[in-house]
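Protein chains in written order, with this note's numbering: chain X, 1 to 265; chain L, 266 to 530.
Keep in mind that the hints were calculated from the coordinates and are not lab data. The reader is advised that the hints may include incorrect statements.
[Claimed, not checked] Heads up, simulated DSSO-like pairs for lysine-lysine below, C-alpha to C-alpha not over 27 Å straight-line: (1) Lys186/X x Lys9/X; (2) Lys270/L x Lys375/L; (3) Lys186/X x Lys13/X; (4) Lys211/X x Lys222/X; (5) Lys367/L x Lys525/L; (6) Lys97/X x Lys525/L; (7) Lys183/X x Lys110/X; (8) Lys495/L x Lys478/L; (9) Lys13/X x Lys525/L; (10) Lys97/X x Lys5/X; (11) Lys110/X x Lys222/X; (12) Lys13/X x Lys367/L; (13) Lys5/X x Lys183/X; (14) Lys420/L x Lys495/L; (15) Lys525/L x Lys375/L; (16) Lys367/L x Lys270/L; (17) Lys183/X x Lys420/L; (18) Lys183/X x Lys525/L; (19) Lys270/L x Lys525/L; (20) Lys6/X x Lys110/X; (21) Lys475/L x Lys186/X; (22) Lys525/L x Lys495/L; (23) Lys278/L x Lys367/L; (24) Lys375/L x Lys97/X; (25) Lys186/X x Lys367/L; (26) Lys97/X x Lys9/X; (27) Lys278/L x Lys97/X; (28) Lys97/X x Lys6/X; (29) Lys183/X x Lys97/X; (30) Lys222/X x Lys97/X; (31) Lys367/L x Lys9/X; (32) Lys149/X x Lys5/X; (33) Lys6/X x Lys475/L; (34) Lys9/X x Lys149/X; (35) Lys149/X x Lys495/L; (36) Lys9/X x Lys183/X; (37) Lys183/X x Lys6/X; (38) Lys186/X x Lys420/L; (39) Lys186/X x Lys278/L.
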Amino acid sequence: MNVFKKEMKANLKSLIIWCCAQVFIIFAGMMKYQGFADSEVDINALFDAFPKEIMVVFGIGSVDISRVAGYYSVFFLYFMLLAAVHAVMFGAVVVSKEERDHCADFVYTKPIRRFQVISPKLLAGVVNILLFNMVTFAASVFFIAQHNKGDGLIDKVSLTMLALFILQLFFLALGAMFGAILKNTKRATAVASGLVMGFFILSVVVDLYDKLAFLAILTPFKYFEGSTMMINDQLSFNSAAILLSVTLVFFGLTFVAFNRRDLST
Amino acid sequence: MNILKQELRMGRKALVAWCISLIAVLSLFMLLYPSISDQLEEFQQVFQSFPIEFQQAAGVADLDLSSILSFYQFALTYVLLAGAIQAMNMGVSVISAEVREKTGDFLFVKPVSRNRVISMKILAVLVQILITNAVVFTTALILVTLLSTDSYDFKLFTLVTMSLLFLQVFFASLGFFVSVFLRRIRTVLPISMGVVIIFYIIHLLNETLKDAKLGLVSPFDYFNLSEITKNMNYDSLNLLLWFVLVGLFIFLTYTLFARKDLPSI
Numbered sequence: 001m002n003v004f005k006k007e008m009k010a011n012l013k014s015l016i017i018w019c020c021a022q023v024f025i026i027f028a029g030m031m032k033y034q035g036f037a038d039s040e041v042d043i044n045a046l047f048d049a050f051p052k053e054i055m056v057v058f059g060i061g062s063v064d065i066s067r068v069a070g071y072y073s074v075f076f077l078y079f080m081l082l083a084a085v086h087a088v089m090f091g092a093v094v095v096s097k098e099e100r101d102h103c104a105d106f107v108y109t110k111p112i113r114r115f116q117v118i119s120p121k122l123l124a125g126v127v128n129i130l131l132f133n134m135v136t137f138a139a140s141v142f143f144i145a146q147h148n149k150g151d152g153l154i155d156k157v158s159l160t161m162l163a164l165f166i167l168q169l170f171f172l173a174l175g176a177m178f179g180a181i182l183k184n185t186k187r188a189t190a191v192a193s194g195l196v197m198g199f200f201i202l203s204v205v206v207d208l209y210d211k212l213a214f215l216a217i218l219t220p221f222k223y224f225e226g227s228t229m230m231i232n233d234q235l236s237f238n239s240a241a242i243l244l245s246v247t248l249v250f251f252g253l254t255f256v257a258f259n260r261r262d263l264s265t
Numbered sequence: 266m267n268i269l270k271q272e273l274r275m276g277r278k279a280l281v282a283w284c285i286s287l288i289a290v291l292s293l294f295m296l297l298y299p300s301i302s303d304q305l306e307e308f309q310q311v312f313q314s315f316p317i318e319f320q321q322a323a324g325v326a327d328l329d330l331s332s333i334l335s336f337y338q339f340a341l342t343y344v345l346l347a348g349a350i351q352a353m354n355m356g357v358s359v360i361s362a363e364v365r366e367k368t369g370d371f372l373f374v375k376p377v378s379r380n381r382v383i384s385m386k387i388l389a390v391l392v393q394i395l396i397t398n399a400v401v402f403t404t405a406l407i408l409v410t411l412l413s414t415d416s417y418d419f420k421l422f423t424l425v426t427m428s429l430l431f432l433q434v435f436f437a438s439l440g441f442f443v444s445v446f447l448r449r450i451r452t453v454l455p456i457s458m459g460v461v462i463i464f465y466i467i468h469l470l471n472e473t474l475k476d477a478k479l480g481l482v483s484p485f486d487y488f489n490l491s492e493i494t495k496n497m498n499y500d501s502l503n504l505l506l507w508f509v510l511v512g513l514f515i516f517l518t519y520t521l522f523a524r525k526d527l528p529s530i
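Use the sequences and the hints to build the structure in full.
The structure is reproduced here in structure tokens:
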């Protein structure tokens, strides 16, 4: 419990900064929706005639962006990117920071077992990403309601946030695994963030070129589509199941690897 | 001079890794070009059949899709993102490393002024940025020349590619400022990656929104590639803003660092 409290306190400031950035992005994005919706009503008819590849090149995507649900679904990509960076960094740092700060001699000589140190740390991670998720949810509903005659589309947004949370868990576990396996924090954050960027670029490549579509399974950014959740109210069960089981495997590996770790002092 | 040499030696491995990944990202996208260039020409015809208002709204009015440079710009966007992270990373870590790795006690008692230490470190970062740019420029030139069937506008190619240099200098100087502004930096990557990704998302948002004020927030918008193509030059207001901000960050780095209280072991 003490480890959990200590971690929450240590990460409070960075969590606040991340949440503020997220709220600003939602605010800035939705602020312009009104004018956008009024002026470009018939743009969708034109967009329908477009091949998918060209839409990707211009960063538009193939959804009806003149309606608030479609417009908001475009945000999902940004949320994923930001949440992934936040979660993966949290995971990588939280597991390996004691050695970096030369506190390992202190924590790991306490009369508790290693997994009793790691579990509350990971729990603090889950609570942090959950708070980040809740702030995103609240800000989204609030700003959507302002532009949608008071209707915040709570059902649709909560479905989107559920998908986002599954992704956050995945990235937290990924980061934690690298934190436990690799030698130090610097290397763990470098590898983890390299992987996030790799996933992101792969997701763009998959969009761009049909014949590479089979690679979509390799990048978590392609597991959920903002539009299917916001418009069709559907969450892909297969995607969720795959991501959650991989997450469990990563968490398991974190514990195994950390138990055998040679702690540098 | 010794400081410069030492910094370059320490950064060598990371620099090679970054250059290889930038080359990889650029090649990955550019090698897709031959397989979708036929489609791009069809899109060009589709676009020209649209009313001029719509062409302007979608930002395709002056776009020549049959030229390889339009696709090259798209590919370069991702190089810019990665390059910005690299530059910010170098900027934040180069000064803060002395405190973090407890080597400040060694360096700052040497008979050189703090200003000289900072100058050497800034110079080291600048040299690494220039090397990165030279590598990217050469790779891009080879790829574009090999893949293009027609001739292309070399001046435009240079302008577009040079935006990497400007962007990297901006993020590096922002990194210097952040590293002397914050009291102590424990992990570099979450800061640099977070800041760059947030600016990148604001830029992505603005691709759709085209808000002039929001365009001043994100440095990615200062060197908007489609604007550069249209005007065949950088925007003078943005260039001025870039110059002022970089100057301000560098100035603040010197003044803040001269008075900074450096913790010893």
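Evaluation of the provided hints:
1. In summary, the hint linking Lys186/X to Lys9/X is supported, as the alpha carbons are separated by about 22 Å, within the 27 Å threshold.
2. A C-alpha spacing of about 16 Å is found between Lys270/L and Lys375/L, which places the hinted pair at or below 27 Å, so the restraint holds.
3. At roughly 21 Å between alpha-carbon atoms, Lys186/X and Lys13/X fall within 27 Å of each other, so this suggested pair holds.
4. Pair hint Lys211/X plus Lys222/X holds up; C-alpha atoms about 15 Å apart against a cutoff of 27 Å.
5. Among the hinted pairs, Lys367/L with Lys525/L is consistent with the structure: their alpha-carbon atoms are about 16 Å apart, no more than 27 Å.
6. Our distance criterion of 27 Å between C-alpha atoms is met by Lys97/X and Lys525/L, whose separation comes to about 25 Å.
7. In summary, the hint linking Lys183/X to Lys110/X is supported, as the alpha carbons are separated by about 22 Å, within the 27 Å threshold.
8. At most 27 Å may separate the alpha-carbon atoms for a hinted pair to count; Lys495/L and Lys478/L meet this at roughly 20 Å.
9. Our distance criterion of 27 Å between C-alpha atoms is met by Lys13/X and Lys525/L, whose separation comes to about 22 Å.
10. The suggested pairing of Lys97/X with Lys5/X holds, with an alpha-carbon distance near 16 Å, which does not exceed 27 Å.
11. Under the criterion of a C-alpha separation no larger than 27 Å, the hint pairing Lys110/X with Lys222/X is inconsistent with the structure, at around 43 Å.
12. The straight-line distance between the Cα atoms of Lys13/X and Lys367/L is roughly 24 Å, inside the 27 Å bound, and the hint therefore holds.
13. A hinted pair counts as satisfied when its Cα atoms are at most 27 Å apart, and Lys5/X with Lys183/X qualifies at roughly 26 Å.
14. Using a Cα cut-off of 27 Å, the hinted pair Lys420/L and Lys495/L holds, with the two alpha carbons roughly 13 Å apart.
15. The suggested pairing of Lys525/L with Lys375/L holds, with an alpha-carbon distance near 17 Å, which does not exceed 27 Å.
16. A C-alpha spacing of about 20 Å is found between Lys367/L and Lys270/L, which places the hinted pair at or below 27 Å, so the restraint holds.
17. Between Lys183/X and Lys420/L the CA atoms are separated by roughly 46 Å; this puts the pair beyond 27 Å, and the hint is violated.
18. A C-alpha spacing of about 32 Å is found between Lys183/X and Lys525/L, which places the hinted pair above 27 Å, so the restraint is violated.
19. Of the pairs offered as hints, the one joining Lys270/L and Lys525/L holds, with about 25 Å between alpha carbons and a cut-off of 27 Å not exceeded.
20. Under the criterion of a C-alpha separation no larger than 27 Å, the hint pairing Lys6/X with Lys110/X is consistent with the structure, at around 15 Å.
21. The hinted pair formed by Lys475/L and Lys186/X fails the criterion: a straight-line CA distance of about 38 Å is larger than 27 Å.
22. Taking the CA atoms of Lys525/L and Lys495/L, the gap is about 46 Å. The hint is violated against a cut of 27 Å.
23. Between Lys278/L and Lys367/L, the direct Cα distance comes to roughly 21 Å. Compliance with the 27 Å bound is thereby established for this hinted pair.
24. Pair hint Lys375/L plus Lys97/X does not hold up; C-alpha atoms about 31 Å apart against a cutoff of 27 Å.
25. Restraint check for Lys186/X and Lys367/L: satisfied, since their Cα atoms lie roughly 15 Å apart, inside the 27 Å limit.
26. For the given pair, Lys97/X sits about 15 Å from Lys9/X by alpha-carbon distance, which is consistent with the 27 Å threshold.
27. For the given pair, Lys278/L sits about 23 Å from Lys97/X by alpha-carbon distance, which is consistent with the 27 Å threshold.
28. Using a Cα cut-off of 27 Å, the hinted pair Lys97/X and Lys6/X holds, with the two alpha carbons roughly 13 Å apart.
29. The suggested pairing of Lys183/X with Lys97/X holds, with an alpha-carbon distance near 11 Å, which does not exceed 27 Å.
30. Under the criterion of a C-alpha separation no larger than 27 Å, the hint pairing Lys222/X with Lys97/X is inconsistent with the structure, at around 31 Å.
31. Restraint check: the Cα-Cα separation between Lys367/L and Lys9/X comes to about 25 Å, which is no more than 27 Å; the hinted pair holds.
32. The hinted pair formed by Lys149/X and Lys5/X fails the criterion: a straight-line CA distance of about 41 Å is larger than 27 Å.
33. Under the criterion of a C-alpha separation no larger than 27 Å, the hint pairing Lys6/X with Lys475/L is inconsistent with the structure, at around 44 Å.
34. Distance check on the hinted pair: Lys9/X and Lys149/X sit about 39 Å apart at the alpha-carbon level, beyond 27 Å; violated.
35. Simply put, Lys149/X and Lys495/L have alpha-carbon atoms about 39 Å apart, too far for the 27 Å limit, and the pair is violated.
36. A threshold of 27 Å between alpha carbons decides the hint, and for Lys9/X with Lys183/X the separation of about 26 Å falls inside it, so the pair holds.
37. Using a Cα cut-off of 27 Å, the hinted pair Lys183/X and Lys6/X holds, with the two alpha carbons roughly 24 Å apart.
38. Taking the CA atoms of Lys186/X and Lys420/L, the gap is about 40 Å. The hint is violated against a cut of 27 Å.
39. Of the pairs offered as hints, the one joining Lys186/X and Lys278/L holds, with about 14 Å between alpha carbons and a cut-off of 27 Å not exceeded.
Of the hints listed earlier, those the structure fails to meet are numbers 11, 17, 18, 21, 22, 24, 30, 32, 33, 34, 35, 38, in rising order.
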